Structures are given as structure tokens and as C-alpha cells.
Amino acid sequence: DSGVTQTPKHLITATGQRVTLRCSPRSGDLSVYWYQQSLDQGLQFLIQYYNGEERAKGNILERFSAQQFPDLHSELNLSSLELGDSALYFCASSLSGIGETQYFGPGTRLLVL
Amino acid sequence: GEDVEQSLFLSVREGDSSVINCTYTDSSSTYLYWYKQEPGAGLQLLTYIFSNMDMKQDQRLTVLLNKKDKHLSLRIADTQTGDSAIYFCAENNQAGTALIFGKGTTLSVSS
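Residue numbers (our numbering), protein chains in the order written: chain E, 553 to 665; chain P, 1400 to 1510.
Bound conformation, chain E alone (with noise of 0.2 Å):
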């Protein structure tokens, strides 16, 4: 148990629909990242924030948005839903967010049907 946790475990949903998914770090890391995990792309770096602020951003769609909160649990809000979002989504943490070891959730798998 890496101690990060993730919310839901599973989610089904419809084209065209948003969806959040929740993650709450490991206590005492600041920063969070999030991963898209899929068969033709493999994992692929979203986004990163760091005690609240966004710190880097990597293939994330403008359809995906992400906060950090001041207790540092973060979500993951994905709109206009396709059938190509169907992923795994992994939540990791790190304690200061630079040239860091990861500590990787258990994800959420997404399906759009």
C-alpha cells in the first residue's frame, strides 16, 4: 500500500459526460501528479501540482482540468467525454515535486461506452 488513495475505483459513463476523480496523497507529500494509462499510448504524464498551484502540464486535453485543494487531496475532472478517454487514471505523489521518487495510487479505470 503506497498510502496514496483514489476515488472511485470504477466509473462507467456515457459520451458527453464529465466525470471527477478524486485522489488524496500520501500524508506529508505536497505535490501530485496525475496519469493517463491506455493500450496505444501507455502511461502519459497530465498534469502536476505542487501545495495548491499547478506546476506542470504534459499531454492533458482541454476537455481535462485539474485542482489542488488547501488539505492537498486533488481531483481530476474530465468533460465532453469519448470513447478514447476509457483509461486507467493514476494519482501519484511526491513529498517537494522536483527530480522526486513517485508513490502511485491504485487508479480509476474509466470506461466510456
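Don't read these hints as lab results, they were simulated from the structure.
Quick partial rundown of chain P residues pointing at chain E, CB under 7 Å, derived from the structure:
(1) 1441
(2) 1447
(3) 1495
(4) 1496
This one's a predicted model, so the numbers in the text were calculated from it and none came from an experiment. C-beta atoms are modelled at their ideal positions from N, C-alpha and C, and glycine is treated no differently.
Place chain P on chain E using the hints.
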């Protein structure tokens, strides 16, 4: 740009050693990592090596780093059926803000 490459599949017999190889491009990464993903599960940090080390041993796991060739390997001694999983090699991106992963090596262990 940054890239990490791994062979996609490795099959071994129980009790043999497994060696999973990886090449990376960004020599500025402070650490290099191995993560393990079991079927239907999340990513588990298996081990990591600091970039100024050549070797790290942790029980059945040995990590070798050749910085000149930008080559990383993971050796699993006495491989067990429970070691069957996908193994990902990863490095930090240049800014240190994200991990760059390989496509993963599926290790299949037969009894």
C-alpha cells in the same frame, strides 16, 4: 526528446533469473526507477537507483546502470510465478516534474 525503451515481452521458467533491459535518453535524471504492475492493479514502486551509482541490490533484485550507454537493467533472481507482471522503467523528465515511462515489459513465469 525524452524517451524510454524496453523490450515488450520476456518469458522465463520458475527458478531462473530474469533480466529486463531499458534504454533512456535523458542523462540529467537524478533517479531511474522500476515499477511493477500486476494484472488489474496499480503501479508499485519496485526499486530505484541514484544516477551516480552503478549497481543496487535489494534482496532478489539487482539494478545495473550504465550511464555511458544510458542502459538500465533489472535482474530478478530465482524468479517465481508471483513475479509475473508488467515491469516499467522510468526516468524523470528534464524539468524533474514528471516521470517518463517505457511501454513496459511483460514478464511471464512458467512453472
